[in-house]
Amino acid sequence: MPQQEKVQLKNCTMGLLSTGTYPILEEESHIKDVLARIIVEMIKREWPQHWPDMLKEMEALTSIGEAQTELVMMILLRLAEDVITFQTLPAQRRRDIQQTLTQNMDSIFSFLLTILQLHVDEYRKLKKIPGQELQAKAHCRVGVAALNTLAGYIDWVALAHLTNDNCRLLEMLCLLLSETELQLEAAECLLIAISRKGKLEDRKPLMVLFDDVAMHYILSAAQSADGAATCNKSSPTQPVVGVVERHYIFLKRLCQVLCSLGSQLCYLVGSDVEVDVPTNLSKYTEAFLAFTTHPSQFLRSSTQITWGTLFRHEILSKDPVIIQTMIKYFRTTMTNLVKTGFPSKNDSPSCEYSRHDFDSDEDFNSFFNSFRAQQGEAVRNACRVVPLEGFQIAAEWLQYQISTPIDIGTTGCTCCFLTVAHTEDLGRGGRVCVCVCVCVMVNVSVGNSVLEESLWN
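With UniProt numbering, the residue at position 54 of the sequence shown is 54, and numbering never jumps.
Do not rely on the hints blindly, as some may be mistaken.
As the list claims (entries may be wrong) - Heads up, simulated DSS-like pairs for lysine-lysine below, C-alpha to C-alpha not over 27 angstroms straight-line:
| id | residue 1 | residue 2 |
| --- | --- | --- |
| 1 | Lys44 | Lys32 |
| 2 | Lys137 | Lys204 |
| 3 | Lys127 | Lys32 |
| 4 | Lys32 | Lys6 |
| 5 | Lys127 | Lys197 |
| 6 | Lys137 | Lys197 |
| 7 | Lys283 | Lys318 |
| 8 | Lys197 | Lys128 |
| 9 | Lys127 | Lys204 |
| 10 | Lys318 | Lys204 |
| 11 | Lys197 | Lys328 |
| 12 | Lys318 | Lys345 |
| 13 | Lys10 | Lys32 |
| 14 | Lys137 | Lys252 |
| 15 | Lys44 | Lys6 |
| 16 | Lys328 | Lys318 |
| 17 | Lys252 | Lys283 |
No wet-lab data here; the hints were simulated from the structure.
Given these sequences and hints, build the entire structure.
As C-alpha coordinates, this is what we get:
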(Lines of atoms letter the chains of each structure in order from A and count residues from 1; the text may use other names and numbers.)
(Lines give C-alpha, C1' and ligand atoms only; values in the text may rest on other atoms or scores of the structure.)
Protein backbone atom coordinates (compact mmCIF):
# COMPACT_ATOMS: atom_id res chain seq x y z
CA MET A 1 0.00 0.00 0.00
CA PRO A 2 1.39 3.44 -0.92
CA GLN A 3 2.44 5.60 2.01
CA GLN A 4 -0.16 8.24 1.16
CA GLU A 5 -2.97 5.68 1.43
CA LYS A 6 -1.56 4.44 4.74
CA VAL A 7 -1.65 7.96 6.13
CA GLN A 8 -5.20 8.45 4.87
CA LEU A 9 -6.31 5.17 6.45
CA LYS A 10 -4.64 6.07 9.73
CA ASN A 11 -6.29 9.49 9.82
CA CYS A 12 -9.69 7.97 9.06
CA THR A 13 -9.32 5.40 11.82
CA MET A 14 -8.12 7.97 14.34
CA GLY A 15 -11.16 10.03 13.41
CA LEU A 16 -13.36 7.07 14.33
CA LEU A 17 -11.60 6.89 17.67
CA SER A 18 -12.20 10.60 18.29
CA THR A 19 -15.80 11.04 17.20
CA GLY A 20 -17.06 7.82 15.66
CA THR A 21 -18.48 6.02 18.69
CA TYR A 22 -21.38 6.43 21.07
CA PRO A 23 -20.74 7.38 24.72
CA ILE A 24 -18.93 4.80 26.82
CA LEU A 25 -22.04 3.32 28.44
CA GLU A 26 -23.97 3.11 25.15
CA GLU A 27 -21.50 1.74 22.64
CA GLU A 28 -21.55 -2.02 22.05
CA SER A 29 -18.53 -3.87 23.41
CA HIS A 30 -17.86 -5.71 20.14
CA ILE A 31 -17.65 -2.39 18.27
CA LYS A 32 -15.06 -1.13 20.75
CA ASP A 33 -13.09 -4.35 20.47
CA VAL A 34 -13.00 -4.33 16.67
CA LEU A 35 -12.02 -0.66 16.53
CA ALA A 36 -9.22 -1.26 19.04
CA ARG A 37 -7.96 -4.24 17.06
CA ILE A 38 -7.86 -2.22 13.83
CA ILE A 39 -5.61 0.34 15.51
CA VAL A 40 -3.43 -2.43 16.97
CA GLU A 41 -2.95 -3.98 13.53
CA MET A 42 -1.83 -0.61 12.21
CA ILE A 43 0.57 -0.19 15.15
CA LYS A 44 2.06 -3.63 14.56
CA ARG A 45 2.92 -2.61 10.99
CA GLU A 46 3.88 1.06 11.37
CA TRP A 47 5.21 1.70 14.88
CA PRO A 48 7.76 2.98 15.67
CA GLN A 49 9.42 3.47 12.30
CA HIS A 50 6.53 5.12 10.43
CA TRP A 51 4.41 6.25 13.36
CA PRO A 52 6.81 7.63 15.95
CA ASP A 53 4.22 9.79 17.71
CA MET A 54 1.74 6.96 18.32
CA LEU A 55 1.95 7.09 22.12
CA LYS A 56 1.55 10.87 22.17
CA GLU A 57 -1.51 10.62 19.93
CA MET A 58 -3.04 7.98 22.19
CA GLU A 59 -2.44 10.18 25.21
CA ALA A 60 -4.07 13.13 23.44
CA LEU A 61 -7.17 11.05 22.72
CA THR A 62 -7.78 10.54 26.44
CA SER A 63 -8.48 14.23 26.87
CA ILE A 64 -11.58 13.96 24.66
CA GLY A 65 -13.71 11.83 26.98
CA GLU A 66 -14.29 8.56 28.80
CA ALA A 67 -15.15 6.58 25.65
CA GLN A 68 -11.86 7.49 23.98
CA THR A 69 -9.90 6.77 27.16
CA GLU A 70 -11.40 3.31 27.42
CA LEU A 71 -10.51 2.64 23.77
CA VAL A 72 -6.92 3.73 24.35
CA MET A 73 -6.70 1.35 27.31
CA MET A 74 -8.02 -1.46 25.14
CA ILE A 75 -5.49 -0.65 22.40
CA LEU A 76 -2.54 -0.74 24.78
CA LEU A 77 -3.77 -4.01 26.28
CA ARG A 78 -4.32 -5.72 22.91
CA LEU A 79 -0.89 -4.54 21.76
CA ALA A 80 0.81 -6.11 24.78
CA GLU A 81 -1.18 -9.33 24.32
CA ASP A 82 -0.23 -9.67 20.65
CA VAL A 83 3.44 -8.81 21.16
CA ILE A 84 4.20 -10.51 24.50
CA THR A 85 1.51 -13.07 25.28
CA PHE A 86 0.35 -14.47 21.94
CA GLN A 87 3.28 -13.27 19.78
CA THR A 88 1.10 -13.00 16.68
CA LEU A 89 3.59 -11.19 14.45
CA PRO A 90 6.95 -11.93 12.79
CA ALA A 91 9.92 -12.26 15.10
CA GLN A 92 11.75 -9.14 13.89
CA ARG A 93 8.67 -6.92 14.20
CA ARG A 94 7.96 -8.39 17.62
CA ARG A 95 11.48 -7.56 18.79
CA ASP A 96 11.23 -4.01 17.43
CA ILE A 97 7.93 -3.32 19.14
CA GLN A 98 8.90 -5.00 22.41
CA GLN A 99 12.14 -3.02 22.52
CA THR A 100 10.28 0.23 21.91
CA LEU A 101 7.69 -0.61 24.56
CA THR A 102 10.49 -1.34 27.04
CA GLN A 103 12.25 1.92 26.22
CA ASN A 104 9.04 3.86 26.83
CA MET A 105 7.82 1.86 29.82
CA ASP A 106 8.44 4.62 32.35
CA SER A 107 6.15 6.99 30.48
CA ILE A 108 3.60 4.24 29.72
CA PHE A 109 3.33 3.22 33.37
CA SER A 110 3.13 6.83 34.50
CA PHE A 111 0.38 7.43 31.95
CA LEU A 112 -1.61 4.37 33.04
CA LEU A 113 -1.36 5.24 36.73
CA THR A 114 -2.40 8.83 36.03
CA ILE A 115 -5.46 7.67 34.10
CA LEU A 116 -6.37 5.23 36.86
CA GLN A 117 -5.97 7.80 39.63
CA LEU A 118 -7.90 10.49 37.74
CA HIS A 119 -10.94 8.38 36.96
CA VAL A 120 -11.05 6.62 40.32
CA ASP A 121 -11.06 10.01 42.04
CA GLU A 122 -13.88 11.19 39.79
CA TYR A 123 -15.83 8.00 40.40
CA ARG A 124 -15.52 8.31 44.17
CA LYS A 125 -16.63 11.93 44.06
CA LEU A 126 -19.57 11.52 41.68
CA LYS A 127 -21.06 8.35 43.18
CA LYS A 128 -21.95 10.35 46.29
CA ILE A 129 -23.85 13.01 44.33
CA PRO A 130 -27.52 12.31 43.55
CA GLY A 131 -28.25 12.32 39.82
CA GLN A 132 -24.62 11.64 38.82
CA GLU A 133 -24.85 7.86 38.88
CA LEU A 134 -24.33 7.41 35.12
CA GLN A 135 -21.34 9.74 34.99
CA ALA A 136 -19.85 7.94 37.99
CA LYS A 137 -20.38 4.61 36.24
CA ALA A 138 -18.59 5.94 33.16
CA HIS A 139 -15.51 6.85 35.20
CA CYS A 140 -15.70 3.46 36.92
CA ARG A 141 -15.71 1.76 33.51
CA VAL A 142 -12.51 3.59 32.59
CA GLY A 143 -10.97 2.57 35.93
CA VAL A 144 -11.74 -1.09 35.20
CA ALA A 145 -10.22 -0.75 31.72
CA ALA A 146 -7.06 0.83 33.17
CA LEU A 147 -6.69 -2.00 35.70
CA ASN A 148 -7.16 -4.62 32.98
CA THR A 149 -4.47 -2.91 30.91
CA LEU A 150 -2.09 -2.76 33.87
CA ALA A 151 -2.63 -6.49 34.40
CA GLY A 152 -1.41 -7.07 30.84
CA TYR A 153 1.87 -5.28 31.57
CA ILE A 154 2.62 -6.12 35.21
CA ASP A 155 3.43 -9.73 34.33
CA TRP A 156 6.46 -8.96 32.15
CA VAL A 157 7.83 -5.46 32.70
CA ALA A 158 10.89 -4.92 34.88
CA LEU A 159 10.07 -5.21 38.58
CA ALA A 160 11.44 -1.70 39.10
CA HIS A 161 8.38 -0.29 37.32
CA LEU A 162 6.13 -1.94 39.90
CA THR A 163 8.00 -0.44 42.84
CA ASN A 164 8.83 3.01 41.48
CA ASP A 165 7.81 6.13 43.39
CA ASN A 166 7.71 4.40 46.78
CA CYS A 167 5.59 1.53 45.45
CA ARG A 168 2.84 3.87 44.27
CA LEU A 169 1.25 1.15 42.14
CA LEU A 170 1.01 -1.35 45.00
CA GLU A 171 -0.37 1.34 47.29
CA MET A 172 -3.10 2.26 44.79
CA LEU A 173 -4.05 -1.37 44.30
CA CYS A 174 -4.40 -1.93 48.05
CA LEU A 175 -6.61 1.15 48.37
CA LEU A 176 -8.84 -0.06 45.53
CA LEU A 177 -9.53 -3.31 47.37
CA SER A 178 -12.16 -1.35 49.31
CA GLU A 179 -14.02 -0.28 46.15
CA THR A 180 -16.65 -2.89 45.35
CA GLU A 181 -16.77 -2.14 41.62
CA LEU A 182 -13.00 -2.15 41.20
CA GLN A 183 -11.74 -4.56 43.84
CA LEU A 184 -11.68 -7.72 41.73
CA GLU A 185 -9.57 -6.15 38.98
CA ALA A 186 -7.30 -4.55 41.61
CA ALA A 187 -6.82 -7.92 43.30
CA GLU A 188 -5.93 -9.51 39.94
CA CYS A 189 -3.22 -6.88 39.39
CA LEU A 190 -1.94 -7.27 42.94
CA LEU A 191 -1.76 -11.04 42.57
CA ILE A 192 0.24 -10.81 39.34
CA ALA A 193 2.64 -8.32 40.92
CA ILE A 194 3.24 -10.35 44.10
CA SER A 195 3.65 -13.59 42.15
CA ARG A 196 6.52 -12.23 40.06
CA LYS A 197 9.79 -14.14 40.02
CA GLY A 198 13.20 -12.60 39.54
CA LYS A 199 16.23 -11.57 41.53
CA LEU A 200 15.63 -11.52 45.27
CA GLU A 201 16.89 -7.95 45.59
CA ASP A 202 14.33 -6.85 43.01
CA ARG A 203 11.55 -8.57 44.98
CA LYS A 204 12.53 -7.07 48.33
CA PRO A 205 10.34 -3.93 47.89
CA LEU A 206 7.27 -6.19 47.74
CA MET A 207 7.60 -6.56 51.51
CA VAL A 208 5.98 -3.12 51.75
CA LEU A 209 2.70 -5.05 51.67
CA PHE A 210 3.43 -6.22 55.21
CA ASP A 211 3.10 -2.63 56.43
CA ASP A 212 0.22 -1.87 58.76
CA VAL A 213 -1.73 0.17 56.20
CA ALA A 214 -1.50 -2.37 53.36
CA MET A 215 -2.34 -5.28 55.64
CA HIS A 216 -5.28 -3.33 57.09
CA TYR A 217 -6.79 -2.82 53.63
CA ILE A 218 -6.29 -6.46 52.69
CA LEU A 219 -7.85 -7.71 55.92
CA SER A 220 -10.74 -5.23 55.75
CA ALA A 221 -11.46 -6.13 52.14
CA ALA A 222 -11.51 -9.83 53.02
CA GLN A 223 -13.95 -9.25 55.87
CA SER A 224 -16.26 -7.09 53.75
CA ALA A 225 -16.20 -9.48 50.81
CA ASP A 226 -16.89 -12.44 53.08
CA GLY A 227 -20.08 -10.78 54.28
CA ALA A 228 -21.07 -9.80 50.73
CA ALA A 229 -20.27 -13.23 49.26
CA THR A 230 -23.45 -14.74 50.67
CA CYS A 231 -27.01 -13.55 50.35
CA ASN A 232 -30.15 -14.93 51.98
CA LYS A 233 -32.76 -16.14 49.53
CA SER A 234 -35.89 -16.77 51.51
CA SER A 235 -38.18 -19.57 50.42
CA PRO A 236 -41.61 -20.50 51.80
CA THR A 237 -40.08 -23.32 53.83
CA GLN A 238 -36.63 -22.20 54.97
CA PRO A 239 -33.96 -19.61 54.25
CA VAL A 240 -31.25 -20.71 51.83
CA VAL A 241 -27.86 -19.09 51.63
CA GLY A 242 -26.70 -18.22 48.12
CA VAL A 243 -23.19 -17.29 46.98
CA VAL A 244 -22.59 -14.05 45.08
CA GLU A 245 -20.14 -15.18 42.43
CA ARG A 246 -18.17 -11.95 41.93
CA HIS A 247 -17.54 -11.51 45.66
CA TYR A 248 -16.58 -15.16 46.00
CA ILE A 249 -14.09 -14.87 43.12
CA PHE A 250 -12.67 -11.79 44.83
CA LEU A 251 -12.20 -13.80 48.03
CA LYS A 252 -10.30 -16.43 46.03
CA ARG A 253 -8.03 -13.77 44.55
CA LEU A 254 -7.36 -12.26 47.98
CA CYS A 255 -6.50 -15.70 49.30
CA GLN A 256 -4.07 -16.17 46.41
CA VAL A 257 -2.57 -12.75 47.17
CA LEU A 258 -1.87 -13.79 50.77
CA CYS A 259 -0.47 -17.14 49.61
CA SER A 260 1.92 -15.43 47.20
CA LEU A 261 2.88 -12.88 49.84
CA GLY A 262 3.73 -15.71 52.23
CA SER A 263 5.80 -17.42 49.56
CA GLN A 264 7.76 -14.23 48.88
CA LEU A 265 8.36 -13.85 52.61
CA CYS A 266 9.74 -17.39 52.83
CA TYR A 267 12.05 -16.73 49.86
CA LEU A 268 13.39 -13.45 51.26
CA VAL A 269 13.75 -14.07 55.01
CA GLY A 270 17.08 -15.76 55.60
CA SER A 271 18.36 -14.98 52.10
CA ASP A 272 21.32 -12.81 51.10
CA VAL A 273 19.13 -9.70 50.74
CA GLU A 274 18.71 -9.51 54.53
CA VAL A 275 14.96 -9.15 54.96
CA ASP A 276 13.82 -9.15 58.59
CA VAL A 277 10.73 -10.89 59.89
CA PRO A 278 7.89 -8.31 59.62
CA THR A 279 7.02 -6.70 62.93
CA ASN A 280 3.31 -7.11 62.25
CA LEU A 281 3.50 -10.71 61.08
CA SER A 282 0.57 -11.46 63.41
CA LYS A 283 -1.75 -9.40 61.21
CA TYR A 284 -0.78 -11.49 58.22
CA THR A 285 -1.30 -14.79 60.04
CA GLU A 286 -4.64 -13.53 61.37
CA ALA A 287 -5.84 -12.69 57.88
CA PHE A 288 -4.50 -15.95 56.46
CA LEU A 289 -6.01 -18.08 59.22
CA ALA A 290 -9.39 -16.49 58.47
CA PHE A 291 -9.28 -18.15 55.04
CA THR A 292 -8.32 -21.48 56.64
CA THR A 293 -11.49 -21.31 58.77
CA HIS A 294 -13.76 -20.06 55.97
CA PRO A 295 -16.81 -22.23 55.13
CA SER A 296 -15.50 -22.71 51.58
CA GLN A 297 -13.50 -25.93 51.42
CA PHE A 298 -11.72 -24.58 48.36
CA LEU A 299 -10.47 -21.52 50.24
CA ARG A 300 -9.36 -23.68 53.16
CA SER A 301 -7.36 -25.94 50.88
CA SER A 302 -5.77 -23.00 49.07
CA THR A 303 -3.90 -22.03 52.24
CA GLN A 304 -2.36 -25.40 53.05
CA ILE A 305 0.79 -25.32 50.92
CA THR A 306 1.72 -21.90 52.28
CA TRP A 307 1.15 -23.05 55.87
CA GLY A 308 3.43 -26.01 55.25
CA THR A 309 6.11 -23.74 53.80
CA LEU A 310 5.93 -21.37 56.76
CA PHE A 311 6.01 -24.22 59.30
CA ARG A 312 9.16 -25.77 57.85
CA HIS A 313 11.03 -22.50 57.18
CA GLU A 314 14.31 -22.48 59.08
CA ILE A 315 13.82 -19.00 60.56
CA LEU A 316 10.10 -18.26 60.39
CA SER A 317 9.14 -21.55 62.06
CA LYS A 318 10.99 -20.40 65.19
CA ASP A 319 9.25 -17.01 65.33
CA PRO A 320 6.87 -16.70 68.33
CA VAL A 321 4.04 -15.50 66.07
CA ILE A 322 4.31 -18.56 63.82
CA ILE A 323 4.58 -20.87 66.83
CA GLN A 324 1.35 -19.48 68.28
CA THR A 325 -0.25 -19.79 64.85
CA MET A 326 0.73 -23.48 64.71
CA ILE A 327 -1.34 -24.09 67.84
CA LYS A 328 -4.31 -22.28 66.31
CA TYR A 329 -3.78 -24.29 63.12
CA PHE A 330 -3.93 -27.56 65.08
CA ARG A 331 -7.33 -26.63 66.51
CA THR A 332 -8.60 -25.52 63.12
CA THR A 333 -7.42 -28.74 61.49
CA MET A 334 -9.40 -30.88 63.94
CA THR A 335 -12.62 -29.64 62.34
CA ASN A 336 -11.30 -29.11 58.82
CA LEU A 337 -10.48 -32.81 58.52
CA VAL A 338 -14.15 -33.71 58.84
CA LYS A 339 -15.54 -34.20 55.36
CA THR A 340 -18.49 -31.83 55.03
CA GLY A 341 -19.82 -29.68 52.22
CA PHE A 342 -20.97 -32.16 49.58
CA PRO A 343 -22.49 -30.27 46.63
CA SER A 344 -25.56 -32.51 46.68
CA LYS A 345 -26.38 -31.76 50.33
CA ASN A 346 -27.50 -28.82 52.45
CA ASP A 347 -26.24 -29.90 55.86
CA SER A 348 -23.33 -27.44 56.07
CA PRO A 349 -22.53 -23.82 55.11
CA SER A 350 -19.80 -25.33 52.91
CA CYS A 351 -22.34 -26.97 50.59
CA GLU A 352 -23.35 -23.79 48.76
CA TYR A 353 -19.71 -22.91 48.08
CA SER A 354 -19.02 -26.45 46.90
CA ARG A 355 -21.76 -26.16 44.31
CA HIS A 356 -19.76 -23.32 42.78
CA ASP A 357 -16.47 -25.20 42.87
CA PHE A 358 -17.34 -28.83 42.07
CA ASP A 359 -19.52 -30.47 39.44
CA SER A 360 -20.38 -33.52 41.51
CA ASP A 361 -19.84 -35.33 44.81
CA GLU A 362 -17.19 -37.44 43.08
CA ASP A 363 -15.20 -34.32 42.18
CA PHE A 364 -15.56 -33.13 45.76
CA ASN A 365 -14.38 -36.49 47.13
CA SER A 366 -11.28 -36.44 44.94
CA PHE A 367 -10.51 -32.87 45.97
CA PHE A 368 -11.01 -33.58 49.67
CA ASN A 369 -8.61 -36.53 49.66
CA SER A 370 -5.87 -34.22 48.38
CA PHE A 371 -6.91 -31.50 50.84
CA ARG A 372 -6.66 -33.92 53.76
CA ALA A 373 -3.19 -35.04 52.67
CA GLN A 374 -2.02 -31.41 52.50
CA GLN A 375 -3.26 -30.85 56.05
CA GLY A 376 -1.38 -33.92 57.22
CA GLU A 377 1.84 -32.56 55.72
CA ALA A 378 1.36 -29.15 57.39
CA VAL A 379 0.63 -30.83 60.74
CA ARG A 380 3.79 -32.94 60.46
CA ASN A 381 5.87 -29.84 59.80
CA ALA A 382 4.30 -28.06 62.79
CA CYS A 383 4.78 -31.05 65.10
CA ARG A 384 8.50 -30.95 64.52
CA VAL A 385 8.47 -27.50 66.11
CA VAL A 386 5.80 -27.89 68.83
CA PRO A 387 5.37 -31.65 69.45
CA LEU A 388 4.11 -31.27 73.03
CA GLU A 389 1.38 -28.80 72.08
CA GLY A 390 0.31 -31.07 69.25
CA PHE A 391 0.01 -34.00 71.65
CA GLN A 392 -1.97 -31.93 74.18
CA ILE A 393 -4.48 -30.77 71.58
CA ALA A 394 -4.84 -34.34 70.29
CA ALA A 395 -5.41 -35.53 73.85
CA GLU A 396 -8.15 -32.93 74.39
CA TRP A 397 -9.89 -34.03 71.21
CA LEU A 398 -9.65 -37.71 72.05
CA GLN A 399 -10.96 -37.13 75.56
CA TYR A 400 -13.87 -35.18 74.14
CA GLN A 401 -14.70 -38.03 71.79
CA ILE A 402 -14.54 -40.57 74.61
CA SER A 403 -16.84 -38.53 76.84
CA THR A 404 -19.37 -37.75 74.11
CA PRO A 405 -22.42 -40.06 74.25
CA ILE A 406 -22.79 -42.28 71.23
CA ASP A 407 -26.10 -42.15 69.43
CA ILE A 408 -26.62 -45.73 68.25
CA GLY A 409 -29.69 -44.81 66.20
CA THR A 410 -31.54 -47.33 64.08
CA THR A 411 -28.46 -48.88 62.48
CA GLY A 412 -26.61 -49.69 65.68
CA CYS A 413 -23.51 -47.65 64.76
CA THR A 414 -22.39 -44.07 64.60
CA CYS A 415 -19.62 -42.01 63.12
CA CYS A 416 -17.22 -40.55 65.62
CA PHE A 417 -14.63 -38.21 64.19
CA LEU A 418 -11.42 -39.55 65.68
CA THR A 419 -8.15 -39.01 64.07
CA VAL A 420 -4.74 -40.45 64.38
CA ALA A 421 -1.46 -39.76 62.63
CA HIS A 422 2.07 -40.22 63.73
CA THR A 423 4.93 -37.80 63.51
CA GLU A 424 8.40 -38.22 64.86
CA ASP A 425 9.38 -36.63 68.15
CA LEU A 426 12.84 -35.65 66.97
CA GLY A 427 14.20 -35.26 70.49
CA ARG A 428 13.36 -38.77 71.75
CA GLY A 429 12.68 -40.83 68.67
CA GLY A 430 9.18 -41.55 69.99
CA ARG A 431 5.85 -40.93 68.36
CA VAL A 432 3.41 -38.13 68.96
CA CYS A 433 -0.22 -38.82 68.21
CA VAL A 434 -2.12 -35.97 66.61
CA CYS A 435 -5.74 -35.79 65.52
CA VAL A 436 -5.38 -35.59 61.76
CA CYS A 437 -7.41 -38.30 59.99
CA VAL A 438 -10.94 -39.59 60.39
CA CYS A 439 -11.82 -43.03 61.87
CA VAL A 440 -15.25 -44.60 62.00
CA MET A 441 -16.07 -46.28 65.31
CA VAL A 442 -18.85 -48.82 65.31
CA ASN A 443 -19.20 -49.08 69.09
CA VAL A 444 -17.47 -48.17 72.33
CA SER A 445 -15.30 -51.30 72.54
CA VAL A 446 -13.98 -50.83 69.01
CA GLY A 447 -13.40 -47.17 69.76
CA ASN A 448 -11.41 -47.99 72.89
CA SER A 449 -9.21 -50.44 71.02
CA VAL A 450 -8.53 -47.82 68.33
CA LEU A 451 -7.56 -45.29 71.00
CA GLU A 452 -5.28 -47.74 72.81
CA GLU A 453 -3.58 -48.79 69.61
CA SER A 454 -3.08 -45.22 68.44
CA LEU A 455 -1.72 -44.00 71.75
CA TRP A 456 0.60 -46.84 72.69
CA ASN A 457 1.62 -48.81 69.61
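Right, here's what the structure says about each hint:
A distance of roughly 18 angstroms separates the Cα atoms of Lys44 and Lys32; the hinted pair therefore holds under the 27 angstroms criterion. A distance of roughly 37 angstroms separates the Cα atoms of Lys137 and Lys204; the hinted pair therefore is violated under the 27 angstroms criterion. At roughly 25 angstroms between alpha-carbon atoms, Lys127 and Lys32 fall within 27 angstroms of each other, so this suggested pair holds. At roughly 22 angstroms between alpha-carbon atoms, Lys32 and Lys6 fall within 27 angstroms of each other, so this suggested pair holds.
Among the hinted pairs, Lys127 with Lys197 is inconsistent with the structure: their alpha-carbon atoms are about 38 angstroms apart, more than 27 angstroms. Restraint check for Lys137 and Lys197: the C-alpha separation of about 36 angstroms exceeds 27 angstroms, so the hint is violated. Restraint check for Lys283 and Lys318: satisfied, since their Cα atoms lie roughly 17 angstroms apart, inside the 27 angstroms limit. Among the hinted pairs, Lys197 with Lys128 is inconsistent with the structure: their alpha-carbon atoms are about 41 angstroms apart, more than 27 angstroms.
Restraint check for Lys127 and Lys204: the C-alpha separation of about 37 angstroms exceeds 27 angstroms, so the hint is violated. Straight-line distance between C-alpha atoms of Lys318 and Lys204 comes to about 22 angstroms, which keeps the hinted pair within the 27 angstroms bound. For the proposed pair Lys197 and Lys328, the alpha carbon gap of about 31 angstroms is over 27 angstroms, so the pair is violated. In summary, the hint linking Lys318 to Lys345 is not supported, as the alpha carbons are separated by about 42 angstroms, beyond the 27 angstroms threshold.
Using a Cα cut-off of 27 angstroms, the hinted pair Lys10 and Lys32 holds, with the two alpha carbons roughly 17 angstroms apart. A distance of roughly 25 angstroms separates the Cα atoms of Lys137 and Lys252; the hinted pair therefore holds under the 27 angstroms criterion. Pair hint Lys44 plus Lys6 holds up; C-alpha atoms about 13 angstroms apart against a cutoff of 27 angstroms. Taking the CA atoms of Lys328 and Lys318, the gap is near 15 angstroms; set against the 27 angstroms cutoff, the hint holds.
This hinted pair checks out: Lys252 and Lys283 have alpha carbons roughly 19 angstroms apart, not beyond 27 angstroms.
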